[in-house]
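**Q** Chain by chain, the residues:
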Amino acid sequence: MWQAGLLKAGLFFALIGPGIITSNVDNDAGGITTYSLAGAHYGLSLIWILIPVTVALVIIQEICARMGVVSGKGLSDLIRERFGAKITFYLMIILLLANLGNTLCEFAGIAASMEIFGVSKYVSVPAGAFFVWWLVVKGNYKSVEKAFLLACLFYLSYIISGFLVNPKWSSIAVASITPSLSFDSGMLTMAIGIIGTTIAPWMQFYLQSSIVDKGLTAESYKYARMDVVFGSITVNVVAFFIIMLCAVTLFQNGLKIETAKDAALALAPLAGSYASLLFAFGLLNASLFAASILPLSTAYTVCEAFGWESSLDRKFIEAPQFYGLYSLMIILGAGIILLPDVPLIKIMFYSQVINGILLPFILIFMLLLINDKRIMGDYVNGRLMNMVSWTTVIILIGLSVAMVISAFF
Amino acid sequence: MAENRELQVFLFLSEILGRNIVGATGETLGRVYDLTAEFVEPYPIVTGIILSSAQKKSPLFLPWNDVLDMDLSISVSVESIAELSPLHLKEGELLLKDALLDKQIVDTYGAKIRRVNDLQFLKARQRLHLVHVDVGFRGLIRRVGLIKLLDVILQGLFDYKLTNNFISWKFTQPLNSPDLLQLNIAQSRLSQIHPADLADILEELDIKQRAAVFQALDVETAAEALEETDPKVQVSLIKDLNSEKASDIIEEMSLSEAADLLADLPKAKAEGILNEMEKDIADDVKELLSHPEREAGGMMTTSYLSFSPSTTVKEALEKFRLEAADVDLVYYVYVINEDERLLGVISLRDLILATEDQKLEDIMDDRVISVKLDDKDDTIAEQFAKYAVTAIPVVDEDEKMQGTIIFKNLLEIVAPELGK
Numbered sequence: 250m251w252q253a254g255l256l257k258a259g260l261f262f263a264l265i266g267p268g269i270i271t272s273n274v275d276n277d278a279g280g281i282t283t284y285s286l287a288g289a290h291y292g293l294s295l296i297w298i299l300i301p302v303t304v305a306l307v308i309i310q311e312i313c314a315r316m317g318v319v320s321g322k323g324l325s326d327l328i329r330e331r332f333g334a335k336i337t338f339y340l341m342i343i344l345l346l347a348n349l350g351n352t353l354c355e356f357a358g359i360a361a362s363m364e365i366f367g368v369s370k371y372v373s374v375p376a377g378a379f380f381v382w383w384l385v386v387k388g389n390y391k392s393v394e395k396a397f398l399l400a401c402l403f404y405l406s407y408i409i410s411g412f413l414v415n416p417k418w419s420s421i422a423v424a425s426i427t428p429s430l431s432f433d434s435g436m437l438t439m440a441i442g443i444i445g446t447t448i449a450p451w452m453q454f455y456l457q458s459s460i461v462d463k464g465l466t467a468e469s470y471k472y473a474r475m476d477v478v479f480g481s482i483t484v485n486v487v488a489f490f491i492i493m494l495c496a497v498t499l500f501q502n503g504l505k506i507e508t509a510k511d512a513a514l515a516l517a518p519l520a521g522s523y524a525s526l527l528f529a530f531g532l533l534n535a536s537l538f539a540a541s542i543l544p545l546s547t548a549y550t551v552c553e554a555f556g557w558e559s560s561l562d563r564k565f566i567e568a569p570q571f572y573g574l575y576s577l578m579i580i581l582g583a584g585i586i587l588l589p590d591v592p593l594i595k596i597m598f599y600s601q602v603i604n605g606i607l608l609p610f611i612l613i614f615m616l617l618l619i620n621d622k623r624i625m626g627d628y629v630n631g632r633l634m635n636m637v638s639w640t641t642v643i644i645l646i647g648l649s650v651a652m653v654i655s656a657f658f
Numbered sequence: 037m038a039e040n041r042e043l044q045v046f047l048f049l050s051e052i053l054g055r056n057i058v059g060a061t062g063e064t065l066g067r068v069y070d071l072t073a074e075f076v077e078p079y080p081i082v083t084g085i086i087l088s089s090a091q092k093k094s095p096l097f098l099p100w101n102d103v104l105d106m107d108l109s110i111s112v113s114v115e116s117i118a119e120l121s122p123l124h125l126k127e128g129e130l131l132l133k134d135a136l137l138d139k140q141i142v143d144t145y146g147a148k149i150r151r152v153n154d155l156q157f158l159k160a161r162q163r164l165h166l167v168h169v170d171v172g173f174r175g176l177i178r179r180v181g182l183i184k185l186l187d188v189i190l191q192g193l194f195d196y197k198l199t200n201n202f203i204s205w206k207f208t209q210p211l212n213s214p215d216l217l218q219l220n221i222a223q224s225r226l227s228q229i230h231p232a233d234l235a236d237i238l239e240e241l242d243i244k245q246r247a248a249v250f251q252a253l254d255v256e257t258a259a260e261a262l263e264e265t266d267p268k269v270q271v272s273l274i275k276d277l278n279s280e281k282a283s284d285i286i287e288e289m290s291l292s293e294a295a296d297l298l299a300d301l302p303k304a305k306a307e308g309i310l311n312e313m314e315k316d317i318a319d320d321v322k323e324l325l326s327h328p329e330r331e332a333g334g335m336m337t338t339s340y341l342s343f344s345p346s347t348t349v350k351e352a353l354e355k356f357r358l359e360a361a362d363v364d365l366v367y368y369v370y371v372i373n374e375d376e377r378l379l380g381v382i383s384l385r386d387l388i389l390a391t392e393d394q395k396l397e398d399i400m401d402d403r404v405i406s407v408k409l410d411d412k413d414d415t416i417a418e419q420f421a422k423y424a425v426t427a428i429p430v431v432d433e434d435e436k437m438q439g440t441i442i443f444k445n446l447l448e449i450v451a452p453e454l455g456k
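Chains A and B are the protein sequences, given in the same order. Each number in the numbering used here corresponds to the 1-based position in the first sequence with 249 added. Each number in the numbering used here corresponds to the 1-based position in the second sequence with 36 added.
Hints were generated in silico from the structure; no laboratory data involved. Ideal Cβ placement from N, Cα and C applies to all residues, glycine included. Be aware that a few hints might be false.
Within a straight-line C-alpha distance of at most 25 Å, the following computed PhoX-like cross-link-like pairs (lysine-lysine) qualify [unchecked claim]:
#  : chain 1 : residue 1 : chain 2 : residue 2
1  : A       : K387      : B       : K268
2  : B       : K197      : A       : K335
3  : A       : K335      : B       : K133
4  : B       : K355      : A       : K463
5  : A       : K395      : B       : K268
6  : B       : K244      : A       : K471
7  : B       : K275      : A       : K471
8  : A       : K463      : B       : K244
9  : A       : K622      : B       : K139
10 : A       : K564      : B       : K148
11 : A       : K463      : B       : K133
Just some of the chain B residues that point at chain A, by a computed CB distance under 10 Å [unchecked claim]:
#  : residue
12 : K139
13 : Q140
14 : K148
15 : R150
16 : L158
17 : V171
18 : F173
19 : V180
20 : D233
21 : D236
22 : D242
In silico negatives: residues of chain A with every beta carbon more than 12 Å from chain B [stated by the list, open to error]:
#  : residue
23 : Y339
24 : I342
25 : A422
26 : D511
27 : S576
28 : K622
29 : V637
30 : V650
Please build the complete structure, drawing on both the sequences and the hints.
**A** Here it is in structure tokens:
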């Protein structure tokens, strides 16, 4: 009995990884910025939103995991085979742009966090870019995954900072289960921002291909599901602590901030320098972590859709498109940050808008694919699951459309 | 206009899909949804059109014989869709768009996995023959509908024209449909790929395609490819097979590779396969399995040639010709006495150069280097480096010969740690 339990636990740990890594990459520089701003500007009043976001994240990612396990194919692969060349082509162009914007944000996060430690961005960004390149080109899947799982642990720094400020837990508990939303456009935008940064288009591609890469089969599906659920919960726990931390310190003292770096700096006098440094370290870890994954994931996704050679085992000349895309993402991502007077906040904003345009399409494609008997066989959505997932997707689409429209008016 | 049409002998599938189908009365019957083709050698022939019409929901089949002319629209001799029957694919017949377009294929000439951007037909005497598979960027952009724009831009800026990248149908192996894999077994296009390349392809494929492709290979090709494949992939491939098929393939592998593979399999599966294998091979493999992988006993093969000291060169060469095809190590033959003690070694070169009536004990090198069954990989590597041989015999504590380690097998154990 006891041994069987141990065996099961062992199996779980052997098969986890993709879900937890994907979810945590999701708490990237953009995510941390959004959460900090939400806490600093609106206090605890938006914290309840993390509960529905967790549910939505679990539903969406479970679909991806199931598709990966059953079909053995990546999402862009399935989209190309089912929806043809034309749709895939335009989708990939938008994805490329969106991910380029995201990568830029990650390098901005590296620059910002290292500036708190007193390192100039002209040193930290090239060093970060080199680290990212080195990790992926020199490492193999196993070692990279271990490095990433380790990076996930560093998110604990936010939780520790959260405890360092000794918040009043009772009022936080009440706030997190009391939905409140005023129709103030700033607050609405912030709410949509939290959802948008947590459920991003690129993650669906990344999660599904890392599950395929791991070679999980239908028999081990329940472990993949546990992995996804566990990952989705941890990501929101981290988000919870960031919002809470900023709410009980910055918001209560009426400090307005613009970026995650402001948040880290403003924390020092209020929560002590440890909390501030931990916050900055968390930002650095998150940015580096996401900057390692985004360019690679993009290159894989695009090459898979177009049938180009895509493997780190190949030489540059054998897989020019793959290495070309990968290098382009890093060079542009890191390079633009180093330009003087680059309008960072604007770039971040538009990258979110592009993500918002892309998400509805991806979600609809995913639901069509998961209900395709020829791909999924007996693993298609059941009626209940369809109702739940369509409802979730329609709400998410509504929010994305609202965000895109509000961006232009 | 008529001459123009005559000139258009090559057609793309993407140009045909969606075209209007006009009946004998001039009425539009529907649009081309897909084409069926019979997969004959060397080039598949289009046998009919799958028609989607506004009036009927289920797809209808229109035999290619009824097609009169192909222009901007396709004219057919049928008068109304009531004359058409629903689709029934015959043996050896497949839907082209469904099975091939946007799907993956193996380019057996370049030994790569490619994605099908388009299919190109040759039009001859009103028949369409599938001749080329378009895997190029030009094909992709044409599908997207931006090819004219791209041509203008490239021409204007760089005076460059993006070229087509076609693969002849003869050098392709579709992957998507199990039927297509079955169809092509007879031609065994995949077996023309070098086993090491084939192993790379297997590793790159997703789990399902991998299993399907592997099971479509003939036993010999499968064994060769399996030897070159990553151990993890090996295990997943063999797990999917029944013990009988698995044992057929493993029997074709070299003994040491087979032992390594069986050691990686779950116990029950490995035993099932061993039971199905020919007894003498199974016994040899079991012997190897009893030693740890990183020790001499685990790396060695028991498939080599040995002779008694009094054997003549002539006799030895005769036996060599007879058996060498199935032996793992052919570069050396060993000389052992009746107690199986290792007395000496003769390289293949020395054996061939010797005169026929010489005895082996006269030409053998008795300063033979050997390792013990439980010697570790680093010790063995040192011996290889020091003596520059391609194989080292393994003896037990009584100096009895147990097997021989081929350099390649040591390399497989040590290579993952090189460069670290």
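**Q** State for each hint whether it applies.
**A** Evaluated hints:
1. A:K387 / B:K268: 21 Å, holds
2. B:K197 / A:K335: Judged against 25 Å, a Cα distance of about 21 Å means the pair holds.
3. A:K335 / B:K133: 15 Å, holds
4. B:K355 / A:K463: 48 Å, violated
5. A:K395 / B:K268: It holds: about 18 Å lies between the C-alpha atoms, which stays within 25 Å.
6. B:K244 / A:K471: 19 Å, holds
7. B:K275 / A:K471: 20 Å, holds
8. A:K463 / B:K244: Within the cut-off at roughly 14 Å; holds.
9. A:K622 / B:K139: 18 Å, holds
10. A:K564 / B:K148: 14 Å, holds
11. A:K463 / B:K133: Between K463 of chain A and K133 of chain B the Cα gap is close to 31 Å, so the pair fails against 25 Å, i.e. violated.
12. K139: 6 Å, holds
13. Q140: Q140 of chain B check passes; min Cβ-Cβ to chain A is 7 Å, inside 10 Å.
14. K148: 7 Å, holds
15. R150: With a minimum Cβ separation of about 5 Å from chain A (threshold 10 Å), the hint on R150 of chain B holds.
16. L158: Violated - the Cβ of L158 of chain B stays beyond 10 Å from chain A, reaching only about 22 Å at its closest.
17. V171: Holds - the Cβ of V171 of chain B comes within 10 Å of chain A, reaching about 7 Å at its closest.
18. F173: 8 Å, holds
19. V180: 5 Å, holds
20. D233: It is violated, given that the least Cβ distance between D233 of chain B and chain A is near 12 Å, above 10 Å.
21. D236: This hint holds: D236 of chain B lies near chain A, its Cβ roughly 8 Å from the closest one there, short of 10 Å.
22. D242: 4 Å, holds
23. Y339: Nearest chain B Cβ is 8 Å from Y339 of chain A, so the label is violated.
24. I342: At about 10 Å from chain B, I342 of chain A fails to clear the 12 Å cut-off, so the statement is violated.
25. A422: 45 Å, holds
26. D511: The claim stands: D511 of chain A keeps its Cβ more than 12 Å from every Cβ of chain B (closest is about 44 Å).
27. S576: 19 Å, holds
28. K622: 14 Å, holds
29. V637: Check passes; 28 Å lies beyond 12 Å.
30. V650: 26 Å, holds
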